[in-house]
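Trainee: In case you want the letters, here they are:
Protein chains: 2
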Amino acid sequence: MSQDARGDAGTDKRPGDLRRTGMSLKSDREWDYELDRIIDAIEERDAATVGLQFPEGLKRRAPKVADDLRQLTDGVRFLISGQPCYGACDLDTELMRRTDVFVHFGHSPMKESDKIIYVPLFSNVDPFPIMEEALEELPDVDTAGDSDVDDRPAVGLVTTAQHMNKFGEMHEWLEERGYAVETRRGDERLTHEGQVLGCNYASADVDAETVLYVGGGKFHPLGLAMEHPDKHVVIADPVNNVVDVADTEKFIKQRYGAVHRAMDADSWGVLYCTKIGQGRWEMATEIVENNENAYLITMDEITPDRLRNFGCDAYVNTGCPRITTDDGPQFHKPMLTPGEYEIAVGNEPLDSLEFDTFHGTW
Amino acid sequence: MSQDARGDAGTDKRPGDLRRTGMSLKSDREWDYELDRIIDAIEERDAATVGLQFPEGLKRRAPKVADDLRQLTDGVRFLISGQPCYGACDLDTELMRRTDVFVHFGHSPMKESDKIIYVPLFSNVDPFPIMEEALEELPDVDTAGDSDVDDRPAVGLVTTAQHMNKFGEMHEWLEERGYAVETRRGDERLTHEGQVLGCNYASADVDAETVLYVGGGKFHPLGLAMEHPDKHVVIADPVNNVVDVADTEKFIKQRYGAVHRAMDADSWGVLYCTKIGQGRWEMATEIVENNENAYLITMDEITPDRLRNFGCDAYVNTGCPRITTDDGPQFHKPMLTPGEYEIAVGNEPLDSLEFDTFHGTW
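Just so you know, the protein sequences line up as chains A and B, in that order. With numbering that gives the first Met the number 0 applied, the first sequence covers 0 to 361. With numbering that gives the first Met the number 0 applied, the second sequence covers 0 to 361.
Hints in this document: simulated from the structure, not taken from any laboratory. Warning: the hint list may mix true and false statements.
[Stated by the list, open to error] Pairs of lysine to aspartate or glutamate, EDC-like flavour, derived with a Cα cap of 16 Å:
#, chain 1, residue 1, chain 2, residue 2
1, A, Lys110, A, Asp35
2, B, Lys63, A, Asp265
3, A, Lys114, A, Glu181
4, B, Lys332, B, Asp304
5, A, Lys63, B, Asp204
6, B, Lys230, B, Asp204
7, A, Lys63, B, Asp304
8, A, Lys230, A, Glu136
9, B, Lys63, A, Glu136
10, A, Lys230, A, Glu171
11, B, Lys63, A, Glu291
12, B, Lys252, B, Asp312
13, A, Lys332, A, Asp265
14, A, Lys63, B, Asp350
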């Protein structure tokens, strides 16, 4: 399908084209900030200072949420985190230390704590129209005959924290259309049954050749397909209004390109991320201890600008895998996952390349 | 003097033009990393982990310094800070917590601590050729007569941490040329007699109408001239090989421009910087408590990207003043110093505008 806008487009729609879908009306999303639950926690703990942390896309709402909370309280000081935030693994621990109650918006809990209130902020986008379109990519259901329940085609179902509130409905919806829906919770890094993170696809380890991913973007289904190469991963993206099938070929080529460019490196920067849920200390120190040309560099945000000042020939990122695999091409030097590093230095064969994932909390 | 390159330039030199000065040979500077002192501290404290922090311009040297230290020790783990660093006020406290000894390179001590080794890294650029040129901008000395010592013209002398190792020689050099050289230490934020920081010019509060600043860049002398508007500030810049006189007019216009643009703001982001030596908590909270349209935002690095996600109409920076006054124009919304904020909201008159400075340590 052409990527160009076509004024006379028929049934073809480009990814993100929300015209004639009814969905464009929903672009002005409303969120439930669960103010009552926050106020309860403030009163229960008699909090004098409260920290508020939002992911990047929702930071703009912070002043209004602070206004609402100020109206509902008396003499409580609200502090808004200005640190970048990309997940429940990425809590502003500095602000947490400074406050009596710390509210983390936009992600589901990674680890319960007495001080942290997680407010997940579920999307109110309707996933069913795009799931309807995605049926074409799922196994055929024998609609004519009255086949046995045991013969129904199996389909795995996963989604992101944002759409988790509709997971039960999605499950039922697929069952009604004749599928045996396979789901599981994954490991303790994941809060919910069927939930995936950019760094954890354990919930897709189900007894089904096809997995339906309902959610925004291509990064999650790509990771899922890399982590489970035997599975057919269908994308129903209700945010960009597009159906697709995860294709790992381009991704794998990009990763091998980075590995090959790093093979000549004389010096390695080994990045240890100090964010609370993104540190893999053993992994980072083991690399440095076994390579005299490797240097341990610690930081919270891992950005191209920050690495530009160091003169290493290549980098290994033991922090968030998304930085390596999604932002990787933005760095001026090759940036590898720990597994890719082992290939580049010759400790592991080329065909051992796989997606970098995180398990456990902290 | 024209800012354009002139192939047939005679005696005119553009700032930064190091041709025919002999100084271009010195561009490959050597630094003394004081490895012996670091090794002594490691042995004395029987340290297992050592943190190394370099300012931005010297981060490239970090792997080589780590190599040298590894050769001189046995079984010690060296961690390099990847956090941006812009001064002795800007210690990587996260890395400090994780290490037994913490070495901060490139700045003079702001506050002594048992764990921190400060290695100042003095420049080996020769300041005297450019000081010779700067004599033209200093008060005339009566070289013909044999005037009394008490009649010698007074000149204040200040420099940055980088050139502090030559301060005594500079002092003598000026005295030999007939000046009464006035210097003082300033307050406890400053380590040395005659030292200035971008945020502190207390050492220039001397009994002399003319102050000679020896050092790189225009930011320090500009701050000095703003902080001491009654003084004539002469710049002898041995790094860029240029003599100049600090002119605050353009700077003041830029600041008033920001203040005026901020006067219509309906919402204010009040930035509290969490860096150890850059926090002004009382100042930040006082603003928020007296303005219901002000929101307290906490972060370590204050960058245009980080503020872009917040929807405030204007910002007040209670952290490093250089961010406001030097980087200010890069932000998408007006960014004011705390003093400028008071003008913008009408609490102080327009003519109260002054340079934002920091006093004390933490």
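Trainee: Take the hints in turn and mark each one as holding or not.
Mentor: So, going through the hints one by one against the coordinates:
no., hint, in the structure
1, Lys110/A with Asp35/A, "22 Å, violated"
2, Lys63/B with Asp265/A, "13 Å, holds"
3, Lys114/A with Glu181/A, "35 Å, violated"
4, Lys332/B with Asp304/B, "12 Å, holds"
5, Lys63/A with Asp204/B, "45 Å, violated"
6, Lys230/B with Asp204/B, "10 Å, holds"
7, Lys63/A with Asp304/B, "21 Å, violated"
8, Lys230/A with Glu136/A, "13 Å, holds"
9, Lys63/B with Glu136/A, "55 Å, violated"
10, Lys230/A with Glu171/A, "22 Å, violated"
11, Lys63/B with Glu291/A, "12 Å, holds"
12, Lys252/B with Asp312/B, "21 Å, violated"
13, Lys332/A with Asp265/A, "12 Å, holds"
14, Lys63/A with Asp350/B, "34 Å, violated"
Checked against the numbered hints given earlier, this structure breaks hints 1, 3, 5, 7, 9, 10, 12 and 14; the rest are met.
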